[in-house]
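Residue numbers (our numbering), protein chains in the order written: chain A, 1 to 327; chain B, 1001 to 1259; chain C, 2001 to 2359.
Don't read these hints as lab results, they were simulated from the structure.
Quick reminder that beta carbons are idealized off the backbone N, C-alpha and C, glycines included.
A hint or two may mislead.
Said to hold, decoys possible - With the C-beta cut set under 10 Å, the calculated list includes, among others, these residues of chain C facing chain B:
id, residue
1, P2235
2, Y2243
3, P2248
4, P2259
Stated by the list, open to error - Here are the simulated DSS-like cross-link-like pairs (lysine-lysine), alpha carbons at most 25 Å apart as the crow flies:
id, chain 1, residue 1, chain 2, residue 2
5, B, K1065, B, K1016
6, B, K1140, B, K1115
7, C, K2255, A, K34
8, A, K206, C, K2078
9, B, K1115, B, K1103
10, B, K1016, B, K1231
11, B, K1231, B, K1244
12, B, K1231, B, K1065
13, A, K34, B, K1115
14, B, K1008, B, K1065
15, B, K1115, B, K1003
16, A, K206, C, K2085
17, B, K1003, B, K1065
18, B, K1103, C, K2255
19, B, K1008, B, K1231
20, B, K1103, B, K1140
21, B, K1240, B, K1008
22, B, K1115, C, K2255
Unchecked claim - Example chain C residues on the side facing chain A (calculated, C-beta under 10 Å, incomplete):
id, residue
23, A2095
24, W2104
25, E2164
26, F2177
27, V2180
28, M2181
29, A2189
30, A2274
31, T2280
32, A2281
33, I2285
34, V2309
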Amino acid sequence: MSHSSSSPSTTERQESSENSLVPAKKRIGDSVFKGLSTGSGVLILVVLALVALFLIMQALPALTTSPDLLMQQGYGPFWSWVIPIAFGTVYSSFLALLFAVPVGMGIALFISHYAPRQLAQPLGYVIDLLAAVPSVVFGLWGANAFAPSVNTAWIWLNRNMGWFPPFGGQASGTGRTMLTASLVLAVMILPIITSLCREVFLQAPKLHEEAALALGATRWEMIRMSVLPFARAGIISAVMLALGRALGETMAVAMILSGANVINWQVLTGTNSNTIAATIALNFPEAFGLRVNQLIAGGLVLFVITLAVNMLARWVVSRRAAFSGAN
Amino acid sequence: MSKRIEAKDLNIYYGKFRAVEGVNMVIEPRSVTAFIGPSGCGKSTVLRTMNRMHEVINGAYVEGKLLLDGEDLYGPGVDPVNVRRQVGMVFQRPNPFPTMSIKENVLAGVHLNNKRVNQATQDELCEKALRGANLWEEVKNRLDLPGSGLSGGQQQRLCIARAIAMQPEVLLMDEPCSALDPISTLAIEDLIQELKENYTIVIVTHNMQQAARVSDRTGFFNIAGTGAPGKLIEIGPTEKIFSKPDQQATEDYITGRFG
Amino acid sequence: MSTTATAPKSSRHEASSLTAGQLPSWSTWVALVASIVVAALLTVAFGGFNLVGALALGALLFLVVMHVWSMSVEGGRKAVDRLAKHLVVAAFVIALIPLVWVIWSTLTQGLPRMDVTFFTNSMRSVVGQGGGLAHALTGTLWVTGIATLISVPIGLLTAVYLSEYGHGRLARGITFFVDVMTGIPSIVAGLFAYSLMTMLRGPGTQNGLAGAIALSVLMIPVVVRSTEELLRIVPNELREASYALGVPKWATIMKVVIPTAISGIVSGVILAIARIIGETAPLMIAAGFTASQNMNPLNNAMMTMPVFVYDQYAHPGVPVAPYHERAWAGALTLILLVMALNLLGRLIARRFAPKTAGR
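Same shape as in the complex, but just chain A (with noise of 0.2 Å):
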């Protein structure tokens, strides 16, 4: 070495007792830091238990009372009174996704495999504007905007189409109908399966798709051939996700469909059946007693049916994980 004093000084390194290999004693540092950081994941488990606790405990009451009783101080009896709504629920998710799905996936085709690369990600954040849009927001506007709007169009619908059985009945007079819900539902699940769909698009192996368009293929069959079949599970799985969060949405269908509680395949007529959220939302603020009870459990319901749906999404990506050695 050039310069002589490169020998430390000695007195700064035998000033502590940190030379010595063994510690004086157990570092607090890293034992309180795990602890914490352990001590709060437990409590996420806690407080998930927590929530299902308390919502059997509240929901019980409305469970274990006679019909009878449900009838004079509550909704009518439990069951009778939660099956319309769970048939609204899952009626109207899955028309959100019916419009949704094609559309979404047609997005995220265009941002990853169209548009040029430069407008790919500003577009992106077009699409992702819509999640920032509050769903009581999408309500307002559903309710005062939306369906005045469309109503020409739903009339029109059912005259011309009325043979089509959902599109029977009669003709609903403001537009909110179990039609117009489901389309701004739609729209409020979009991004989630944008976002997702283009993703898993993205990831998609750059050499196979180049290996089919040296094959000649053309850009929809280079898609098909290897875009799509190594997105599938990732699109269920997106898919599932936005049913979700369709079956829990609530302020939306609260303020826009006028709902009873009643089983009704038709979707352009005045008379909807309501969904289990945009139920509790509704009579919440005026409930007590056992209508308090009995829309807690109605939640409990809800709270089972999407925990059911987000289960079969883990499950599948997870089943695709096992798979993506093939790939």
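Following the hints, position chains B and C against chain A.
Below, chains B and C alone, put in the same frame as chain A:
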């Protein structure tokens, strides 16, 4: 400064898998010892046990004794953190901390260990470490710029400066030149020659010419086949290993008959 | 369709084998304009011009015309390729319609009431004109602030546990249940907080804290997810470099790992706030409705902005107009707030991202 390392019947495991077995050797202070051998033979694993970085991987542990001037690194109650403060390490790829400036990188070990040092001592320490790593002249005017703005070779010398700023007894180098161009490699090799006057240096390398150029002693590791544990075949003065080794396997490897 | 006939019967000239049998580049635009014109004429023929109808019908017409034309000139494979491209572009345009429409409605109907009174007054004893969301603004600040104070430490520490410490059963269990938590419907989170308050303070208890607890249930999994992802991206080399300097694990995490990821973590937290600040249903249930300022999150109902919007819309007086104006103005405020938070989050993520290793 500069301590002797001694391994006695060292077996190294990853979970149930025995990665290296039966290592016995002595590494002399103020010298450069090179580990060579084919890929996967365990030379990096042995190196990482010397500052207890091995156990950062989940389920990894060690049997046998590894002595630093007679003190067992794996003795009961030994704090790996204290071991690492005395045994510095330089990695295969330069890894300066991206959130820190050049100066902060050099002083990272001091700061992260919560040592209170006054400004003048800090500046002095920083300059000494950077001079020690032959980097001072190149960076003295931009000490407050991010370390990631340097070239690969400069970054690696910055990492060496960071390690010697801790004033360790031993400096371990895990293929320090494998990600560098030939000119940067030469600069590091020159630096190693200078550093050995003060430190015990152990270097793992894939490059036999490098081992021959920089080291005083060379250890050859080999592996019987995939899944079998790696072994230290022989260790001795570099000239002897490269001219007339005791073991046939070493000669085969040196002369390029396999590996 | 008539357009097919009017179009030039294509360039079948065999000038080059590479360009043969293709539609010229202008054909798309010609077909699009022609289709919309024909559709507009059709709407005139059937009872009056209708812009929306013309555009929708024109788009459909264009898809059919272009497909048939391409099929006849370029063959089936090329035609399907074109159809797919047009459908994909159409999907994007369709998604823009509601976005533009929502923003347009909110702007035009919300702007008239974006005055000083709106931000300084509450709704206390206001009937008809006037009033504002001052009480809801402070309520939202309280509730969101408390929710953030609860969620960020828990979320951060859990993410640290998952990425730095957790390996075994417990870590897998926590990951799984964080996923489950992500799927909790927001109204169920509200019911949970309400039940909790019922247990603690008796039935019918609604206050700001309950609202904050409900929002925390929704926010924690978001924070855990984004933070964990970012911590996992921090290269292991940096952790090893720090350990090799003799730095204990907790100091490595605090001073090397977290600082490297901090910009992403902060932006993740801001995006999580943006997500919960617009939540209505859980607050309606747990925090309730009120027309007055309430600065005490432990007692009595606390108004929040989304609930204010809903309340003005759903429970108007007579005449309805001032109530709906307030609802739209509240919606506009809310959208601006959420978008500002989103922008801030993205900016932070981009501006302060650490320069990684310089290559």
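Against the structure, the hints come out as follows:
For P2235(C), the interface hint holds, the least distance from its beta-carbon to any beta-carbon of chain B being 7 Å, beneath 10 Å. Satisfaction of the interface hint for Y2243(C) is found here, the shortest Cβ-Cβ separation to chain B being roughly 6 Å, below the 10 Å cut-off. The beta carbon of P2248(C) is positioned within 10 Å of a beta carbon in chain B (closest approach about 5 Å), and the interface hint is therefore held. The interface hint given for P2259(C) holds, since its Cβ lies 5 Å from the closest Cβ of chain B, which is under the 10 Å cut-off.
Taking the CA atoms of K1065(B) and K1016(B), the gap is about 19 Å. The hint holds against a cut of 25 Å. For the suggested pair K1140(B) and K1115(B), the alpha carbons sit about 24 Å apart, so the restraint of at most 25 Å is met. Between K2255(C) and K34(A) the CA atoms are separated by roughly 15 Å; this keeps the pair inside 25 Å, and the hint holds. Restraint check for K206(A) and K2078(C): satisfied, since their Cα atoms lie roughly 22 Å apart, inside the 25 Å limit.
For the suggested pair K1115(B) and K1103(B), the alpha carbons sit about 16 Å apart, so the restraint of at most 25 Å is met. Taken as a hint, the K1016(B) and K1231(B) pair is honoured in the structure, with Cα atoms around 17 Å apart against an allowance of 25 Å. The suggested pairing of K1231(B) with K1244(B) holds, with an alpha-carbon distance near 20 Å, which does not exceed 25 Å. As the CA atoms of K1231(B) and K1065(B) are separated by approximately 16 Å, the hinted pair is consistent with the 25 Å bound.
For the proposed pair K34(A) and K1115(B), the alpha carbon gap of about 23 Å is at most 25 Å, so the pair holds. Using a Cα cut-off of 25 Å, the hinted pair K1008(B) and K1065(B) holds, with the two alpha carbons roughly 5 Å apart. Pair hint K1115(B) plus K1003(B) holds up; C-alpha atoms about 24 Å apart against a cutoff of 25 Å. At most 25 Å may separate the alpha-carbon atoms for a hinted pair to count; K206(A) and K2085(C) meet this at roughly 20 Å.
Straight-line distance between C-alpha atoms of K1003(B) and K1065(B) comes to about 16 Å, which keeps the hinted pair within the 25 Å bound. About 16 Å separates the Cα atoms of K1103(B) and K2255(C), which keeps this hinted pair within 25 Å; it holds. Straight-line distance between C-alpha atoms of K1008(B) and K1231(B) comes to about 13 Å, which keeps the hinted pair within the 25 Å bound. Pair hint K1103(B) plus K1140(B) holds up; C-alpha atoms about 9 Å apart against a cutoff of 25 Å.
Proximity of K1240(B) to K1008(B) is assessed by CA-CA distance (about 23 Å); at most 25 Å being required, the pair is judged to hold. Between K1115(B) and K2255(C) the alpha-carbon distance is near 14 Å, which keeps this suggested pair within the 25 Å criterion. The closest approach between the C-beta of A2095(C) and any C-beta of chain A is roughly 6 Å, which is under the 10 Å cut-off, so the hint is satisfied. Annotation: interface hint on W2104(C) holds; nearest CB of chain A at approximately 9 Å, less than 10 Å.
Here the hint on E2164(C) is kept, as its CB sits about 7 Å from the closest CB of chain A, short of 10 Å. Hint status for F2177(C): holds, given a least beta-carbon distance of 5 Å to chain A, under 10 Å. Because the beta carbon of V2180(C) sits about 7 Å from the nearest beta carbon in chain A, less than 10 Å, this interface hint is met. Checking M2181(C) against chain A by beta carbon gives a least distance of about 6 Å; that is within 10 Å, so the hint holds.
The interface hint given for A2189(C) is met, as the beta carbon of that residue sits about 8 Å from the closest beta carbon of chain A, less than 10 Å. With a least beta-carbon distance of about 7 Å to chain A, the hint placing A2274(C) at the interface is held under the 10 Å criterion. A cut of 10 Å between beta carbons decides the hint on T2280(C): the least distance to chain A is about 4 Å, and the hint holds. Using the Cβ-Cβ criterion of 10 Å, the hint placing A2281(C) at the interface with chain A is satisfied: the shortest such distance is roughly 4 Å.
Contact between I2285(C) and chain A, as hinted, is supported at the beta carbon level, the nearest pair being about 5 Å apart and thus within 10 Å. Taken as an interface hint, V2309(C) checks out: its beta carbon lies about 5 Å from the nearest beta carbon of chain A, inside 10 Å.
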